[in-house]
Amino acid sequence: MTTENLLRNYWYAAARAEEVTGDAPFARTMLGEPIVLFRSKDGSIAALEDRCPHRKAPLSLGRITDGEIQCNYHGARFDGDGVCSLIPSQEGKVIPGFAARPYPATEAHGMIFVWIGAPEKADLDLIPDMGAYGPGAGTGVVGGYMYIKANYLLLADNLLDLTNIAYLHESTLGATGAEALLAGEMEFEVKDGNIRTVRIVRDQVQTFFAQKTGKFEGQGNLDRFTITNFWAPAYLELQLCNAPASANMAMCDVPHHRVHHCITPESDGAVHYYWTMAWYHRPDDANLAKEFREITRLAFDEDLPMLEAQQCNIESDPAQSTLVNFEGDKAGAAARKIVAQLLAGESARAAE
Amino acid sequence: MTTENLLRNYWYAAARAEEVTGDAPFARTMLGEPIVLFRSKDGSIAALEDRCPHRKAPLSLGRITDGEIQCNYHGARFDGDGVCSLIPSQEGKVIPGFAARPYPATEAHGMIFVWIGAPEKADLDLIPDMGAYGPGAGTGVVGGYMYIKANYLLLADNLLDLTNIAYLHESTLGATGAEALLAGEMEFEVKDGNIRTVRIVRDQVQTFFAQKTGKFEGQGNLDRFTITNFWAPAYLELQLCNAPASANMAMCDVPHHRVHHCITPESDGAVHYYWTMAWYHRPDDANLAKEFREITRLAFDEDLPMLEAQQCNIESDPAQSTLVNFEGDKAGAAARKIVAQLLAGESARAAE
Amino acid sequence: MTTENLLRNYWYAAARAEEVTGDAPFARTMLGEPIVLFRSKDGSIAALEDRCPHRKAPLSLGRITDGEIQCNYHGARFDGDGVCSLIPSQEGKVIPGFAARPYPATEAHGMIFVWIGAPEKADLDLIPDMGAYGPGAGTGVVGGYMYIKANYLLLADNLLDLTNIAYLHESTLGATGAEALLAGEMEFEVKDGNIRTVRIVRDQVQTFFAQKTGKFEGQGNLDRFTITNFWAPAYLELQLCNAPASANMAMCDVPHHRVHHCITPESDGAVHYYWTMAWYHRPDDANLAKEFREITRLAFDEDLPMLEAQQCNIESDPAQSTLVNFEGDKAGAAARKIVAQLLAGESARAAE
Numbered sequence: 000m001t002t003e004n005l006l007r008n009y010w011y012a013a014a015r016a017e018e019v020t021g022d023a024p025f026a027r028t029m030l031g032e033p034i035v036l037f038r039s040k041d042g043s044i045a046a047l048e049d050r051c052p053h054r055k056a057p058l059s060l061g062r063i064t065d066g067e068i069q070c071n072y073h074g075a076r077f078d079g080d081g082v083c084s085l086i087p088s089q090e091g092k093v094i095p096g097f098a099a100r101p102y103p104a105t106e107a108h109g110m111i112f113v114w115i116g117a118p119e120k121a122d123l124d125l126i127p128d129m130g131a132y133g134p135g136a137g138t139g140v141v142g143g144y145m146y147i148k149a150n151y152l153l154l155a156d157n158l159l160d161l162t163n164i165a166y167l168h169e170s171t172l173g174a175t176g177a178e179a180l181l182a183g184e185m186e187f188e189v190k191d192g193n194i195r196t197v198r199i200v201r202d203q204v205q206t207f208f209a210q211k212t213g214k215f216e217g218q219g220n221l222d223r224f225t226i227t228n229f230w231a232p233a234y235l236e237l238q239l240c241n242a243p244a245s246a247n248m249a250m251c252d253v254p255h256h257r258v259h260h261c262i263t264p265e266s267d268g269a270v271h272y273y274w275t276m277a278w279y280h281r282p283d284d285a286n287l288a289k290e291f292r293e294i295t296r297l298a299f300d301e302d303l304p305m306l307e308a309q310q311c312n313i314e315s316d317p318a319q320s321t322l323v324n325f326e327g328d329k330a331g332a333a334a335r336k337i338v339a340q341l342l343a344g345e346s347a348r349a350a351e
Numbered sequence: 000m001t002t003e004n005l006l007r008n009y010w011y012a013a014a015r016a017e018e019v020t021g022d023a024p025f026a027r028t029m030l031g032e033p034i035v036l037f038r039s040k041d042g043s044i045a046a047l048e049d050r051c052p053h054r055k056a057p058l059s060l061g062r063i064t065d066g067e068i069q070c071n072y073h074g075a076r077f078d079g080d081g082v083c084s085l086i087p088s089q090e091g092k093v094i095p096g097f098a099a100r101p102y103p104a105t106e107a108h109g110m111i112f113v114w115i116g117a118p119e120k121a122d123l124d125l126i127p128d129m130g131a132y133g134p135g136a137g138t139g140v141v142g143g144y145m146y147i148k149a150n151y152l153l154l155a156d157n158l159l160d161l162t163n164i165a166y167l168h169e170s171t172l173g174a175t176g177a178e179a180l181l182a183g184e185m186e187f188e189v190k191d192g193n194i195r196t197v198r199i200v201r202d203q204v205q206t207f208f209a210q211k212t213g214k215f216e217g218q219g220n221l222d223r224f225t226i227t228n229f230w231a232p233a234y235l236e237l238q239l240c241n242a243p244a245s246a247n248m249a250m251c252d253v254p255h256h257r258v259h260h261c262i263t264p265e266s267d268g269a270v271h272y273y274w275t276m277a278w279y280h281r282p283d284d285a286n287l288a289k290e291f292r293e294i295t296r297l298a299f300d301e302d303l304p305m306l307e308a309q310q311c312n313i314e315s316d317p318a319q320s321t322l323v324n325f326e327g328d329k330a331g332a333a334a335r336k337i338v339a340q341l342l343a344g345e346s347a348r349a350a351e
Numbered sequence: 000m001t002t003e004n005l006l007r008n009y010w011y012a013a014a015r016a017e018e019v020t021g022d023a024p025f026a027r028t029m030l031g032e033p034i035v036l037f038r039s040k041d042g043s044i045a046a047l048e049d050r051c052p053h054r055k056a057p058l059s060l061g062r063i064t065d066g067e068i069q070c071n072y073h074g075a076r077f078d079g080d081g082v083c084s085l086i087p088s089q090e091g092k093v094i095p096g097f098a099a100r101p102y103p104a105t106e107a108h109g110m111i112f113v114w115i116g117a118p119e120k121a122d123l124d125l126i127p128d129m130g131a132y133g134p135g136a137g138t139g140v141v142g143g144y145m146y147i148k149a150n151y152l153l154l155a156d157n158l159l160d161l162t163n164i165a166y167l168h169e170s171t172l173g174a175t176g177a178e179a180l181l182a183g184e185m186e187f188e189v190k191d192g193n194i195r196t197v198r199i200v201r202d203q204v205q206t207f208f209a210q211k212t213g214k215f216e217g218q219g220n221l222d223r224f225t226i227t228n229f230w231a232p233a234y235l236e237l238q239l240c241n242a243p244a245s246a247n248m249a250m251c252d253v254p255h256h257r258v259h260h261c262i263t264p265e266s267d268g269a270v271h272y273y274w275t276m277a278w279y280h281r282p283d284d285a286n287l288a289k290e291f292r293e294i295t296r297l298a299f300d301e302d303l304p305m306l307e308a309q310q311c312n313i314e315s316d317p318a319q320s321t322l323v324n325f326e327g328d329k330a331g332a333a334a335r336k337i338v339a340q341l342l343a344g345e346s347a348r349a350a351e
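Residue numbers (numbering that gives the first Met the number 0), protein chains in the order written: chain A, 0 to 351; chain B, 0 to 351; chain C, 0 to 351.
Rather than coming from a laboratory, the hints here were simulated on the basis of the structure.
A few of these clues could be false.
Copies of one chain are not kept apart here, so a pair can be met inside one copy or by any two copies together.
[What the hints assert, rightly or not] Here are the simulated lysine to aspartate or glutamate pairs, EDC-like style, with alpha carbons at most 20 angstroms apart:
| # | residue 1 | residue 2 |
| --- | --- | --- |
| 1 | 329 | 90 |
| 2 | 289 | 191 |
| 3 | 92 | 184 |
| 4 | 190 | 78 |
| 5 | 120 | 3 |
| 6 | 92 | 186 |
| 7 | 214 | 202 |
| 8 | 92 | 326 |
| 9 | 289 | 301 |
| 10 | 92 | 178 |
| 11 | 40 | 67 |
| 12 | 190 | 3 |
| 13 | 40 | 184 |
| 14 | 148 | 300 |
| 15 | 40 | 65 |
Isolated chain A, as found in the complex (with noise of 0.2 angstroms):
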C-alpha cells in the first residue's frame, strides 16, 4: 500500500483519549508510519516513531516506567519528546543524537490527534473543533472505532451522499422513510475550503432519532433538516434538525443528533475510522446509548464489506475507468477536488 497520495502537514486522530493511558503503550499505523502513544508523568500525550533506533524493535512492545517507555528487547528509556534517559547495559550512558522520532501530539475533545508532516507546522489551531463531543458536552455521548480497508474518500463520499442509507441500510438507519432522502435537492457550498451540505425534505415520517428525542411526540410529521460539513483531509460532521412539518420552518440548524466521523488513513487502502455521537435531550434515559450504539454499529457494519469490495474493485479495475458521479455526489466531488487542490500544494512546497 503506498502513502504518496495522503495529505501530510495535518492532525488526525490517532485514539481516543481513555485508550492512551499512563499503564501500557498504545500503537497505531497512520499514513505507514508506525507510531505509538503513551502519557508522560504529567499526563500529556506522547507519540513516538515505534521503531526503537537501536534494532527497531517496536516500543509499543515495551512498558511505561515514570512516564517514560522502555524498550522491551534492551531496555533502553525514551522520554515524551523521544530522548534516550537510560541505555541499562551501558551503565547509564546514552549515545548523543540516540532518539526515538517524536511527532507533535495532543489530547482535544477526547481525541488524541498527531500531526504527521512537517513538526515545525504544527500549529493547535488547526485541530478540528469537536467541541460539541467531548466531555461535558450535550446529554450523551457514544462512539465506536472501524478499522476499514478502503481509501478515506470512499468514506468521504458515503457520508456526503446519504441516499445509500435507503439501499445499503434498509434494515437499520433506512427503516423510516428513508425513500424521502432520494427525493429533494441538496444544497451546498464550498467555503474556506470545507464543505456544508444542507439537506431538507418536507413532511416526512419521524424518523428513529428522531421519534427517540421525545421532543416530537404526537407532532405527526417532521420536516428534516439535515446539514453535512466536510472539513480536509476527512473529518466530516453531520447534524440532524428536524421541525414539525406544519410548521413550515424556512430552515433549521439546531441539532438534536450530531455524529462525527474521525477518518484516518493507515494507507491509501484503509483507515483508522472513529465516529462519535452526540445528543441534546432525555438526559435521564440511560438507554438511548445503548440503543444508539447499537444501531450506529449495525449500521456500520453495513458499510463495512460495501466501502472493502469497491477498494477491491477500484484496486483490481484494469481500466482504471474514473468513477461516474451522481447528482447526489456534488459534494462528494467537491470534497475530492479539495483534497487533490490540497495535494498538489503540498506536493508543489515539498518540491520547493
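Position chains B and C against the provided structure of chain A, taking the given hints into account.
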C-alpha cells in the same frame, strides 16, 4: 496473477445452469474479470461486469428486481444488457452512456457460458458440445465444482495422461488394475485443432466403473478403450468403453461412462473447474449417482493438492526450466502447442 | 523474499537426524530452494531438489521405496544421487539426462547438514563441530525447532548480546539475577573468522541452570563466566561456566551447560532454527530434560514475536536507517562484518 497468457475469444463455463437463478446474483471472476450473472425476466442469462459504473460497488452484492440487477449501494438498476434503467436519487433521470459492461452469455447443456473476448466475435456455434450431459441425456448425470490454484494447462496434462491414476489415485480410481494404464501405447490425432487420444489396454480386471454398469457380470477380464478429447482452451472429455477380452474387438467407441471437464481460468494461476459425469445403464439404481459422485470427489481431492503444489513449484523455480515430457505426455504437449499457436494468433490480431 | 544476501557455500542444518527416516520424505526450503531429504537403503542421507523434473511435482509428496524416492504423480523414481531409475509408463525406459538435482548432504552430531552452494566445494571438514551434543555426549541433551520470520542476523544479535534476558525474558531466563548481565564488560576476539566472547560477572546469585547442576549447593554467590562462540554464517554456541565467588577464579571455561544454535535461512526474512542443549551432571535425574526443554521453550517463545516484529519494522522502514549499536553489540556488529566480508568474497568469485 496475470491473465495475459490466456485465450480470450472463447466461451468459458461460468456456472452450472441451476446456480444462476432469478432470485440472487452469482459472482464469478474469469480471466481476471469480475462478472455478475443473473436471469432476466424471460429467464435468459445476463452477464455484466461486476462493478457498478457509479462507485464500482460489486453489483453481485445487490438484488434482482423484475429481472434487473439493482446495486445495493445507491439503487442504480441495470437490465440484462447493462443498460441503466433507474437512478433513484435522480428522480428517474438516467445518465447517457452510463451502463454496466455486458458480456455475451448463454445457457446450454446445463451450463452457463460467457464470452470474454470481443463481443462481436461471440458465435453460439462455438459453444462446446456437451449434449451428452445436458437435461435428459443418459441414465444419470452427476457433477461437481472445484476451485484450484493452478494453471489450467496443468489440469489438461493431468487428464490427457491418466497414468497418474496408478500413483496419485492408488486408493480410489486406481484401486482396480491401475498398473495396466502404464502399459501399452496411446494413440492420438490432432484434427481441426482438437485432440483425440485412444488408449487400448487388453485383458485386464474390470474397473470400478465397468463393474458398476452391470453389463459385464461373469465376463471376466475386459479390454479397455479409453478415449480422451481435448478442445482449446480447456475442455476435455473422457469416454470409458469396455468389451470382453474374449471378444477381441479391434475398437469399441460406445462409452458406458463419459466425464466432461470445463476448465475456466480465473487467472494464469487458478481455475474454476466443473466436471460432469454421465452414464447409460441401470436407470433404476438410484444409488449410482451417490457412488459416482463420491469416488470422483475423493479422487479429485487427491488431484487438488498435487496441482497446487506443482503451481507453487513452477512459480518459485528460479531456473524456470522447461517441463520434461514422458511418452504419455504426447497429447498434453500437443495441447500446449495448440494453445500456444492460438495465443500467437490472438496476439497478432490484437496487434493489427 | 530474496535470497541474494545469503552465503551459499556453507553447510546448513536441514533437520535433526531422527527427522529423516527411511519411511517418508522430509521437505525443507533452504535459501529459497525447496529440498527433499530421505535415506538411501544404506541409511545415508539423500538431498534432492524438491521438484520432479517431469512436471515439477514436489517429490516430498511421494514415498520412499527401496531407498529411492518415488514421485507420487506419475511414479518416476530417483536414487539418492537424483538419478532416475524408473519411469513406469515408459516400460522402464529412462530418459538420458533426466535427473533430480542432488545436494551434498551428510549426517553429523545428530543433525543433517546440506550444502547449498557449488557441490564441488562441499568439504566435510567444514561441518560445524557439534561433538558436544551428538549421541553419547554429556549427561543429557534436549533440543527444539522453531520457524521464525526474521533475518538470521537478528538471531545472531540476540544471542551475542544477552542483556535482553533482563527485559524480554524477565519472567523466565531472567528470573534469577538478570540485572547482573547489564554490568561488566564483555571481551571478545575474532579469530579465524570466528568470534569468541567472554562475559565475566562476579559474585551473583545462582542462576536457574547453576542451581540445577547440584554442584553449587551451599556455596552462596557464584562468579559467572559466559562464553559465546559464533561461526559464520549462523552457528552459535553458549557455554555456561560458574565458580564459587569465594574461589575468585580468574577464568573458568568448563561449562556445565552448553546451548548450540543452528540458524538456517529459509530466505532473507525467515529462518529454520534448531537449538540443542547439553549438560554434564545429575545423570540420574530424568526430570532435568523436561525442565530444561520447558524453560527454553518458554524463553524462545518470548524471542519469536520480538524478532518477527523487528523484521517487520526493518522491512517497512521508509528511512531504511542503519541500526545503532550499544556497547553490548560489539560482537553482533563483528558478526555482521564477517558475514559482509564473506558475502563480498562469494560475489567476487561468482563474478569471475
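Hints, one by one, checked against the model:
For the identical chains of this complex, residue 329 and residue 90 are inter-copy neighbours only, at 16 angstroms across copies versus 63 angstroms inside a copy, given an alpha-carbon limit of 20 angstroms. Taking the shortest Cα distances, residue 289 and residue 191 never come within 20 angstroms of each other, neither inside one copy (37 angstroms) nor across copies (70 angstroms). Proximity of residue 92 and residue 184 under a CA criterion of 20 angstroms is satisfied inter-copy only: 14 angstroms between copies versus 68 angstroms inside one chain copy. Within a single copy, residue 190 and residue 78 get their C-alpha atoms no closer than 41 angstroms, and across copies no closer than 41 angstroms, so neither meets the 20 angstroms cut-off.
Taking identical chains as interchangeable, the C-alpha atoms of residue 120 and residue 3 lie at most 20 angstroms apart only when both belong to the same chain, with a minimum of 19 angstroms there against 42 angstroms between chains. Proximity of residue 92 to residue 186 under the C-alpha cut-off of 20 angstroms is restricted to the inter-copy arrangement: shortest distance 19 angstroms between copies versus 64 angstroms within a copy. For the identical chains of this complex, residue 214 and residue 202 are intra-copy neighbours only, at 16 angstroms inside a copy versus 78 angstroms across copies, given an alpha-carbon limit of 20 angstroms. Taking CA atoms no more than 20 angstroms apart as the test, residue 92 paired with residue 326 passes between copies only; the shortest distance there is 10 angstroms, against 65 angstroms inside one copy.
Taking identical chains as interchangeable, the C-alpha atoms of residue 289 and residue 301 lie at most 20 angstroms apart only when both belong to the same chain, with a minimum of 19 angstroms there against 40 angstroms between chains. For the identical chains of this complex, residue 92 and residue 178 are inter-copy neighbours only, at 16 angstroms across copies versus 69 angstroms inside a copy, given an alpha-carbon limit of 20 angstroms. For the homomeric pair residue 40 and residue 67, the shortest alpha-carbon distance inside one copy (8 angstroms) is at most 20 angstroms, but the shortest distance between copies (63 angstroms) is not. Within a single copy, residue 190 and residue 3 get their C-alpha atoms no closer than 27 angstroms, and across copies no closer than 48 angstroms, so neither meets the 20 angstroms cut-off.
Taking identical chains as interchangeable, the C-alpha atoms of residue 40 and residue 184 are never at most 20 angstroms apart, the minima being 53 angstroms within one chain and 33 angstroms between chains. Taking the shortest Cα distances, residue 148 and residue 300 sit within 20 angstroms of each other inside one copy (13 angstroms), while across copies they are farther apart (31 angstroms). For the identical chains of this complex, residue 40 and residue 65 are intra-copy neighbours only, at 6 angstroms inside a copy versus 65 angstroms across copies, given an alpha-carbon limit of 20 angstroms.
The structure fails to meet hints 2, 4, 12 and 13 from the earlier list, while all remaining hints are met.
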